[in-house]
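So the protein sequences, as listed, match chains L and U. The end of the first sequence is residue 205 by the numbering used here, with every number in the run present. The end of the second sequence is residue 621 by the numbering used here, with every number in the run present.
Keep in mind that the hints were calculated from the coordinates and are not lab data. All C-beta atoms, glycine included, are put in the ideal place defined by N, C-alpha and C. A couple of the hints might just be wrong.
Unchecked claim - Computed cross-link-like contacts, DSS-like style, restricted to lysine-lysine with a CA-CA straight-line distance of at most 30 Å:
{"#": "1", "chain 1": "U", "residue 1": "Lys607", "chain 2": "L", "residue 2": "Lys17"}
{"#": "2", "chain 1": "L", "residue 1": "Lys94", "chain 2": "U", "residue 2": "Lys607"}
{"#": "3", "chain 1": "L", "residue 1": "Lys176", "chain 2": "U", "residue 2": "Lys34"}
Unchecked claim - Non-contacting residues of chain U with respect to chain L, defined by C-beta distances greater than 10 Å in every case (computed):
{"#": "4", "residue": "Thr21"}
{"#": "5", "residue": "Ala71"}
{"#": "6", "residue": "Thr146"}
{"#": "7", "residue": "Met235"}
{"#": "8", "residue": "Ser289"}
{"#": "9", "residue": "Asn340"}
{"#": "10", "residue": "Phe395"}
{"#": "11", "residue": "Leu486"}
{"#": "12", "residue": "Pro522"}
{"#": "13", "residue": "Leu606"}
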Amino acid sequence: MSAHQHAEGHLPHELEKATLEGRNKILGFWIFLGAEVVLFGTLFGSYIALRHQVLDGPPPEHLFQLPMVFLMTLILLTSSLFSVFAVQAMHRQKVKVLIGWLIGTVLLGLSFLGLEIYEFVHYVHEGHKVSASAFGTSFYTLVGFHGAHVAFGVLWISLLTFQLFYKKLDTIMAPKIYISMLYWHFIDVVWVFIFTVVYLMGKVG
Amino acid sequence: MTTHAIPASHAHAHAKAKRYTGIMDWLTTVDHKKIAILYLLAGLLFFVIGGIEAILIRIQLIKPLNNFLDAQTFNEMLTMHGTTMIFLAAMPFVFAFMNAVIPLQIGARDVAYPFLNALGFWTFFFGAVLLNISWFTGGAPDAGWTSYVPLASNTYSAGEGVDYYVMGLQISGIGSLLGGINFVATIINMRAPGMSFMRLPLFTWASFIACVLIVFAFPALTVGLVALMFDRLFMGNFFDVADGGNTILWEHIFWIFGHPEVYILILPAFGILSEILPVFARKRLFGYSSMVFALVLIAFLGFMVWAHHMFTTGLGPVANALFSIGTMLIAVPTGIKVFNWLFTLWGGSIKITAASLYAIAFIPTFVLGGVTGVMLASAPADYQYHDTYFVVGHFHYVIVGGIVLAVYGGLHFWWPKMFGRMLNETLGKITFWTFYIGFHLTFFVHHFLGLLGMPRRVYTFLPNQGFDLMNLISTIGAILMGVGTLILAINMLLSFRQPKGQLPNDPWGDGRSMEWALPSPPPEYNWKQIPLVRGSDAWWKEKMEGNTEMQPAEPLGPIHMPSPSILPFLMSVGFFVAGFGFIYHLNWLTIAGLLFVLLCMAIRSLKDDHGYHIYPEGVKE
Chain L
1 MSAHQHAEGH LPHELEKATL EGRNKILGFW IFLGAEVVLF GTLFGSYIAL RHQVLDGPPP
61 EHLFQLPMVF LMTLILLTSS LFSVFAVQAM HRQKVKVLIG WLIGTVLLGL SFLGLEIYEF
121 VHYVHEGHKV SASAFGTSFY TLVGFHGAHV AFGVLWISLL TFQLFYKKLD TIMAPKIYIS
181 MLYWHFIDVV WVFIFTVVYL MGKVG
Chain U
1 MTTHAIPASH AHAHAKAKRY TGIMDWLTTV DHKKIAILYL LAGLLFFVIG GIEAILIRIQ
61 LIKPLNNFLD AQTFNEMLTM HGTTMIFLAA MPFVFAFMNA VIPLQIGARD VAYPFLNALG
121 FWTFFFGAVL LNISWFTGGA PDAGWTSYVP LASNTYSAGE GVDYYVMGLQ ISGIGSLLGG
181 INFVATIINM RAPGMSFMRL PLFTWASFIA CVLIVFAFPA LTVGLVALMF DRLFMGNFFD
241 VADGGNTILW EHIFWIFGHP EVYILILPAF GILSEILPVF ARKRLFGYSS MVFALVLIAF
301 LGFMVWAHHM FTTGLGPVAN ALFSIGTMLI AVPTGIKVFN WLFTLWGGSI KITAASLYAI
361 AFIPTFVLGG VTGVMLASAP ADYQYHDTYF VVGHFHYVIV GGIVLAVYGG LHFWWPKMFG
421 RMLNETLGKI TFWTFYIGFH LTFFVHHFLG LLGMPRRVYT FLPNQGFDLM NLISTIGAIL
481 MGVGTLILAI NMLLSFRQPK GQLPNDPWGD GRSMEWALPS PPPEYNWKQI PLVRGSDAWW
541 KEKMEGNTEM QPAEPLGPIH MPSPSILPFL MSVGFFVAGF GFIYHLNWLT IAGLLFVLLC
601 MAIRSLKDDH GYHIYPEGVK E
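With the hints as extra help, turn the sequences into a complete structure.
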């Protein structure tokens, strides 16, 4: 972290870690993600404890349509790849490329949300509701919490992308973009577990 | 990690300082020392409210078949007493000391996130206010501080009381989580040059571990409260057995959070004790490394033992045996700490002050609570103790005899550093003896009441069961504790008659850690130059070498400060409003409150805060 480079007008390679404030932000965000792991861990625990309590509603193996869920998984994983490209573009100081990848990430996030809303509406028609059974409540809480995280991420990354149009990419902007990308990866990882624990395990009963 | 990198706003070195005065100063402050005072005042306020609730409970139980409170009011009192004391009094006390002391002890100018620090305080405060508003809206929560289902479900708690519990704790929980993240990052990233982990003062170490526990325990409570909220407000079935739910799930989730929570509170108390004892024994802390090791071990084991609260639930002999052994294991690192404190005192030239009285009295009292803890950890015996006054006696010995004694000791010890004035020693000692005698009178008899079979949480009892005299003694003790606290409050108020700025940096004369190298109270930037730490007990080392201040680790220069902001306050108002929306099923109000929170977050993101610079004496503007 050389103060000299900065003073001479050269920006360091990893802009987000150039200042103490930036490093604090990144460290704190990792700690926050640690807390999020416990949050989702508890939600997964509740779901696993209650998932067989289907009562009169449709059982998961009839309900879940794997092709669509697989498509959602594909979309979210690709968006995570886009956010990696975004951070790489940021390290190369290519603001326009960065904006491009961020917009790509947001668009994929939105299409994921669209499919999830469609999925939920479909389920409700099939009789799978929050109030129908403990399975319904714990399913919608777990998957809904993830969906809310995606929605928040979409809003957050959009707001940052908007700022890139008129603000410099500097040691204040870079950590913000970096941690939003950490957040996006985390959401992606959680979805991988949802795909496995909720959908795949739901199919095999 | 601890070097001083370029401030983010080099280019804006001459940004105008935005300052407020009066009440706006307190609403917008991001200074850790002022936030500490806010936490302390809020903690004292709720401590007094919780204390009054306790005394009302004790008055109801002063004699058999008393009708001072009816059963419903009694249930509300005991629920609010427990919830208030744990979440709204003990937590802010702990955060008050962390804020007041940690940045000074590690040689930092502020915490890692001053803005988040303020946000943590205000969300805590508005959550706490929301919870207490329930007294005026037709009934406080009445399902106990553990809020077990099905008692806390719509069927058995039909009013809004439990909804206030859910929303109040949810909002104040956000504050605790933010505070926890803040201090973990602060202690990792903001240490002055030379302040290695194994040179950290014990209070900082203990707080660090406690904050790690906060980060990993509070999200479980968040989920538990969300689940309870879904069941109560949106016809969810998490805990509704008829629709496939499971009531034991709540017990697990609550105690996965709840058991670490007691360590979140007691570890900083251990830390306070480990700061006070060496200063007044005038001897370095005995066994520093083993103290650190014991803290980590207690925290680790503390996460593994939640089900010892559920021995009688019927988890089966294997689970009960494992949780029983795990719980007893905690006595080992705790014993290490107790012996280290005793060895610190051993051979020291002990100075008796109010602060050292509290610290010394802590040791035997906490050991008593620990012994009953091991008794309770024995699963077969627990079937006898469960839900009796024995349990009440046990946890009050560790919470009042542990945490409250440490907090009172810490108040006397750090008051001069926080406010620049001393508390009166004579009044302090009177408080100590009144409170300490009152405490033992109140709670010692509880053990015997419990063994005789008096159930906890029942609003009255029949005469001639051998309960009458002990309950009378207990109530007298509770009133004595109230009197002690009243004297402490008078002492605090009287201290403000002293002029500010008269105290030396090190008013006790034997300070060891770096907060005593700074003026009392410190300037808002704490350090004119970030100090160089040359050993453990950094300030003591400098004094022994004849220095009157810490050695600087950087040249004199302008000091970058974060700007004050009203956003933390406004965001918390947004949460508060949304909380009301949830409780009264007013969707528009919920959405308005949450949108307002999002708006504040967007403003925070859009408006870059470059802070401002302070030019201390001898630095050219």
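These are the hints, each one checked on the structure:
1. Distance hint between U/Lys607 and L/Lys17 is fulfilled; the C-alpha atoms sit about 21 Å from each other, no more than 30 Å.
2. The suggested pairing of L/Lys94 with U/Lys607 holds, with an alpha-carbon distance near 23 Å, which does not exceed 30 Å.
3. Among the hinted pairs, L/Lys176 with U/Lys34 is consistent with the structure: their alpha-carbon atoms are about 27 Å apart, no more than 30 Å.
4. For U/Thr21, the shortest C-beta to C-beta distance to chain L comes to about 27 Å, beyond the 10 Å cut-off, and the non-interface label holds.
5. Distance check on U/Ala71: its Cβ is at least 32 Å (rounded) from any Cβ of chain L, clearing the 10 Å threshold; non-interface status holds.
6. For U/Thr146, the condition that its CB be more than 10 Å from all CB atoms of chain L holds, with the nearest at approximately 17 Å.
7. The beta carbon of U/Met235 sits about 4 Å from the closest Cβ of chain L, which is not more than 10 Å, so the claim that it is off the interface is violated.
8. No beta-carbon of chain L is positioned within 10 Å of the beta-carbon of U/Ser289; the least distance is around 25 Å.
9. Residue-level check passed: U/Asn340 sits 29 Å from the nearest beta carbon of chain L, beyond 10 Å.
10. Every beta carbon of chain L lies more than 10 Å from that of U/Phe395, the smallest distance being close to 24 Å; the non-interface claim holds.
11. Residue placement check: U/Leu486 keeps its beta carbon more than 10 Å from all beta carbons of chain L (closest about 39 Å).
12. The beta carbon of U/Pro522 is kept farther than 10 Å from every beta carbon of chain L, the shortest such distance being approximately 20 Å.
13. At the 10 Å boundary, the C-beta of U/Leu606 falls inside the reach of chain L, the nearest C-beta of that chain being 7 Å off.
When each numbered hint is compared with the structure, violations occur for hints 7 and 13.
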